[in-house]
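One-letter residues, chain by chain:
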Amino acid sequence: MGKKILLAGCGLLAMLGSAAHADHLVAIAGPMTGQYASAGDQIRKGAEMAIADINAKGGVLGQKLKLEVGDDACDPKQAVSVANTMVNKKIVFMHGHWCSSSTIPASDVYNESQIPMATVSTNPQVTERGLKNIFRIMGRDDQQGLVAGSYLAEAFKGKKIAVVDDKSAYGKGLADEMAKAIQAKGTKPALRESITAGEKDYSGLVSKLKSAGVEVMAYGGYHTEVALILRQAQQAGLKLTIMGGDTMTNTELVTAAGPAADNVLFTFSPDPRKNPAAADVVKKFRDAKVEPEGYVMYAYAAMQLFAQAAEQAKSVKYADLEKAMRGGSFDTVIGKLSFDAKGDNKLPGFMVYQWKGGQYDYVKK
Amino acid sequence: MALALQQLINGLTLGAVYGLIAIGYTMVYGIIGMINFAHGDIYMVSAFIAVTGFTLLAAFGVSSVPFALVVVLIVAVLFTSVYGWAVERLAYRPLRGSTRLAPLISAIGMSIFLQNMVQLTQGARVKPIPPMLTGGIDIYETAEFTVRIAYSQMLIVLVTVGLMIGFSWLITRTSFGRQQRACEQDRTMTALLGINVDRTISLTFMLGAALAAVAGVMVTVYYGVVDFYIGFVAGIKAFTAAVLGGVGSLPGAMLGGLIIGLIEAFWSSYLSAEYKDVATFSILILVLMFRPSGLLGRPEVEKV
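Just so you know, the protein sequences line up as chains A and B, in that order. Those letters in the first sequence? Residues 1 to 365, per the numbering used here, in order. Those letters in the second sequence? Residues 1 to 304, per the numbering used here, in order.
Be a bit skeptical, because a hint or two may be false.
Stated by the list, open to error - Here are the in silico distance ranges between beta carbons for each label pair: (1) A:T196 x B:L295: 22 to 32 Å; (2) B:R96 x A:P259: 50 to 60 Å; (3) A:D361 x B:Q119: 49 to 59 Å.
Simulated from the structure, these hints should not be mistaken for lab results. Think of the CB as a built atom: it goes at the ideal place given N, C-alpha and C, for glycine as much as any other residue.
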């Protein structure tokens with residue numbers, strides 16, 4: 001309770017402060033409490049560090065930045081009320097929300113009040129609704145299949161590729177996107193199949209792949225089935241490479257598939273800690289006893305995006321900021337950000353990884 | 001041609017496993033006229049015992065695969081038989097003589113209980129073991145396809161054939177087998193002749209559980225991954241096998257298992273793997289339409 005009063009007091013002070021010194025109010029919103037609170041905590045730490053760094057260099061357009069924190073607990077209703085509160089506080093930029101289901105309703109409020117926002121939500125619908133104020137600094141769910149499919153078509157040119165899914169919403173969606181991407185590169189998938197997840201016997205599928213001469217399989221689904229298919233392929237004497245989605249990061253895959261797991265490729269969001277240009281910031285976080293994992297670096301990048309866009313536009317007015325963000329290019333800790341007409345960023349949202357001896361790393365091109 | 005041969009091998013392996021589990025269903029139905037829905041979960045428990053056994057043996061540095069296999073098989077059969085006995089004693093015997101529906105509901109409850117027990121004590125995540133029996137023999141080669149029998153497939157088929165021979169001997173030639181068949185025909189009369197009916201029924205449950213235990217160990221070796229939910233799918237398939245072959249008939253259960261294994265294997269390689277289960281159950285419906293008591297089942301005569 002004491003903390004809440006303190007927080008409210010801080011908010012009040014911040015408001016008074018902003019009125020007195022005309023600081024730029026920027027905000028973050030996300031699940032600061034509830035089951036996803038760890039993500040909210042990462043966002044807060046990243047944003048706080050970024051604002052401290054920007055202010056140390058003299059702020060934006062000669063004025064300091066001040067941070068507002070909104071807690072939506074990943075509840076869409078609470079997200080809308082947070083958005084209204086933030087609008088009343090007259091923020092000039094929002095980084096959030098985190099859950100796609102919160103971002104989508106809240107973005108309508110920000111759009112009406114003309115506040116630009118940068119989000120890490122991955123649902124395609126976030127940027128598919130034609131809102132001009134929203135910019136996404138992370139990958140989209142449907143990019144994953146594109147990245148995986150294009151990689152397969154290029155790296156395994158001339159080899160027969162099968163596309164298989166487990167009939168789940170996630171698996172089928174991913175497999176369809178992979179098939180589309182493979183086709184777009186001029187290769188026709190040799191086989192399109194579905195299996196039932198939760199079964200144990202995939203020897204029928206394996207024999208089918210073997211007799212069709214398939215060496216590479218693009219798979220939409222979970223790691224459990226991949227382990228079984230790999231084992232059964234090995235028993236049948238078929239050397240199979242499997243490309244999967246982000247679910248393949250699970251270490252159970254390695255235990256269950258044994259050494260055959262080295263034949264698994266998968267797509268996953270890039271790790272900003274590996275970005276050489278961000279080494280200084282990574283070190284700074286670690287010195288402050290904060291591991292820059294998950295969303296920490298993305299929150300840092302969102303604040304950099306705002307600062308640079310405002311400097312380029314020489315204004316924090318919505319129309320100027322929006323124009324600068326859409327047209328410009330920004331050096332951030334997650335890479336060089338620029339956006340397309342929908343507001344999706346043009347960075348590679350997903351990287352191709354490969355398992356090797358129980359560890360995974362970027363695949364060598 | 002080569003593909004067909006390969007699928008024949010795969011289908012027979014799968015069918016053998018279904019058959020082993022199906023016998024448990026059919027025996028229990030034969031003797032007390034109820035479907036033991038917890039049977040699939042007994043099989044799941046034995047798979048977990050197998051995973052624990054293999055992991056423990058590996059931790060103690062046992063690297064001989066045949067030795068580990070025999071030890072785990074014996075341990076799994078012993079423990080799982082106790083489970084089979086306990087399930088009958090706790091959930092079915094108190095309900096004997098009540099309505100037909102009561103033990104059925106009790107069986108479903110037992111199934112849920114076993115699933116949740118394993119989920120709570122072992123966790124909901126899959127439990128893998130590292131590959132044990134890898135490799136196989138190439139038996140037929142063409143330019144584009146090599147037919148291969150994996151060692152683990154050979155193991156499953158050989159063990160199943162051995163068990164079937166032993167089991168038929170047990171039922172047709174021993175005094176326990178005679179008692180068991182007598183109970184099947186008329187429990188009251190059997191009791192009047194001085195045979196302990198409760199003991200015979202308990203032994204039947206233990207035998208069914210033991211066969212399921214063998215299937216559980218084999219599947220663990222073959223697929224290498226178990227979770228608390230595997231009993232459901234396997235149980236449904238094996239139950240279907242028992243019904244297809246004629247519930248109550250032991251050779252029928254094995255035959256039903258093999259037929260379902262083969263349908264699944266051939267359907268998934270020549271047609272679409274997606275509609276494999278649709279095909280299996282359509283054939284079940286067709287068979288039941290023309291032979292309501294299954295392929296080898298005797299039509300039930302209501303005694304008045």
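Against the structure, the hints come out as follows:
Roughly 25 Å separates the CB atoms of A:T196 and B:L295, a value that falls within the hinted 22 to 32 Å. Evaluation of the 50 to 60 Å hint for B:R96 and A:P259 yields a pass: the beta carbon distance comes to about 53 Å. A hinted range of 49 to 59 Å for the beta carbons of A:D361 and B:Q119 is inconsistent with their spacing of about 34 Å.
Violated hint: 3 only; the structure is consistent with all others.
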